[in-house]
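2 protein chains.
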Amino acid sequence: MATEELGKMVEAYPMKGGDGPNGYAKNSSYQKGAAGAAQEVVNMEITEKLDVDSITLSNSNTFSIADLGCSVGPNTFSAVENIIDAVQLKYQNQGRRLNSQIPEFQVFFNDHTPNDFNILFKSLPPNRQYYATGVPGSFYGRLFPKASLHIVHSSFAIHWLSRVPKQVLDKNSPAWNKGRIHYLNSTYEVVRAFEAQYAEDMACFLDARAQEIVCGGLMVLIIPGRLQATHDSQSFRKMTHQLLGDCLMDLARKGVVTEEKVESFNIPIYYMSPTELEAAVERNGCFSVEGMENIRKVTKLGNVTESAQLISSHSRAVIEGLLSQQFGDEILDELFDLYRKKLEGNPSIFESMDANFFVTVLKRKAN
Amino acid sequence: MATEELGKMVEAYPMKGGDGPNGYAKNSSYQKGAAGAAQEVVNMEITEKLDVDSITLSNSNTFSIADLGCSVGPNTFSAVENIIDAVQLKYQNQGRRLNSQIPEFQVFFNDHTPNDFNILFKSLPPNRQYYATGVPGSFYGRLFPKASLHIVHSSFAIHWLSRVPKQVLDKNSPAWNKGRIHYLNSTYEVVRAFEAQYAEDMACFLDARAQEIVCGGLMVLIIPGRLQATHDSQSFRKMTHQLLGDCLMDLARKGVVTEEKVESFNIPIYYMSPTELEAAVERNGCFSVEGMENIRKVTKLGNVTESAQLISSHSRAVIEGLLSQQFGDEILDELFDLYRKKLEGNPSIFESMDANFFVTVLKRKAN
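Sequences listed follow chains L and U, in order. Residues in the first sequence are numbered from 4 upward in steps of one, following the working numbering. Residues in the second sequence are numbered from 4 upward in steps of one, following the working numbering.
So here's chain L without its partners, still in its complex pose (with noise of 0.2 Å):
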């Protein structure tokens, strides 16, 4: 499991909430430095492609922004602060230097129901300058009314499909991902399976968004992604899921869990590639592409026996709902152990983190 697509959820299982040590609050630092590199490019983006004259405000002068799988923080609260940051400066070089000129602003936190809301109203930064608000519920449907908000953003999110394709789980398909839980170096059924069920869920995530975006308004997603057409070349990620798999093979042959149970589970994560989403925007017809970047994060890993620590540790924040749902709770300290010491066996993985991120602007075209 690799460590930069553990940012978000799947339907029904959460990151790790709380603020324990196995906490997705205190194992984001990965997502806080993709999210720091991706962090000016958004600013840029706002500043060149946000059009505040032509943008339509609520009557109430309300600017409302939306983060779509904002999971319990704190990542969440400085992407938020960036994006005000850049609007409000862009109201200020039009020339509305006086406070009433500038709107208020309304924040949406948006992530699936089991996630610990509770905990991300309690983190939520005391001198915040917007109104927050939660929002529960899957960004593959309809989250908000008509063209109510400003600017959506959703980080290290969209990768996660709503579910598993439903013919990777079916032996009696040749689609079956037998002894696999993921579609990296798997056959070639498997990844078109994969690859159908990212092309439904953008549908629907682009759908609903086209009706919540105002005209003029902008999507801002930063994606784990790949760079190439094909899938293949992601090495870091093919031998982390390889190495997560392997793991619950051990297990079941110790008899900890039965090999149906490993059978019957796969990592609903795809990695789409940036003419994928191109593709999809032009299918769905109501947004222009406005920006595309490639961000390579180089992470700094310490020696092996650290390095395999910090990636079994995000993994574990990210994944363990997931796990867990299928395998019980009890599994979980014996099969992260057992997978950060096979990281630590297999040292050549911490020299290839092809772990490519991108960053798209969409803009809402008028009616």
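To be clear, the hints were calculated from the coordinates, so they are not data collected in a lab. Predicted model, so just to flag it, every value in this text is computed and none were measured. All the pointers check out, no bait thrown in.
You can't tell identical chains apart in this list, so a pair holds if it fits in one copy or across any two.
Simulated pairs of lysine-lysine, DSS-like, Cα-Cα distance not exceeding 27 Å:
#: 1; residue 1: K169; residue 2: K125
#: 2; residue 1: K125; residue 2: K149
#: 3; residue 1: K241; residue 2: K264
#: 4; residue 1: K345; residue 2: K241
#: 5; residue 1: K181; residue 2: K345
We have chain L already, so just place chain U on it with the hints.
Coordinates of chain U only, in the frame set by chain L:
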């Protein structure tokens, strides 16, 4: 502790969350009954007082409703559904029968940050006809952007003060409330201190709402209060508060809690009268009083044993957060068992449930 005021929470003392046997979700049937009695009034008031032609919706045709002090449900959901039904009917009666002519609804569920929003979100009705959001924070301050709400609803919430008046806990003050946990049955000075806190809080409440509600928008408040100018003749409330205070003193004598802890504990609840509320509205100046209706809910109590159990359970669901903050969780079982027994020993209490509440409808004046 009377049951009828047990609907909401004070800063940092949430209703008991979770769905266990002691939780608010399973112990709010009194509030449900009261809401049911108020529902008809609310319905009628919206029909009569909401002018959908003059009210300004956002550009996106969204009608925004907030429930302040919503707790964890389910009462908040039926209250909101009732309001939406009334508003929809109003639009239809104005000849807007096409779906596109009826606004979309966005509902903001507000309560203090320690409220269990996770439970609230998981309990949201699956086929709801609105977009749901949660808003953490005290309703004695700003929670929403300017002119962003069309109807504000609050049921069994604003009788909770923002805090216990400082002087009633101060041994050197003439308003020190020695040996009691509430102002009822207390000295002139203690009553004045609670009155002053109420006036200050209500001024903050109305000031914040005046900014948040659009001109022509309504505020519906369901408030456990008193009908008379004086604080006398609230014998049920007096007796229940007195009995709970006696229980705490008993525990102090047994050494279960310290006397100091009991002496530094007061319940920050104030039973306002319609006249007091009208005076506060007049001082604020931004609202007109459109309706004021007293409602007497006759609760059918069973035999003494059952009634004592019911009142004790309801009290616990509402007040245990407040008590455990002061005394620790470990006293709760003993305290409420004692309380139940004391109620059983005073059966005359059940014959004098003079627990009035009233429904007020305020309209935001044009600026």
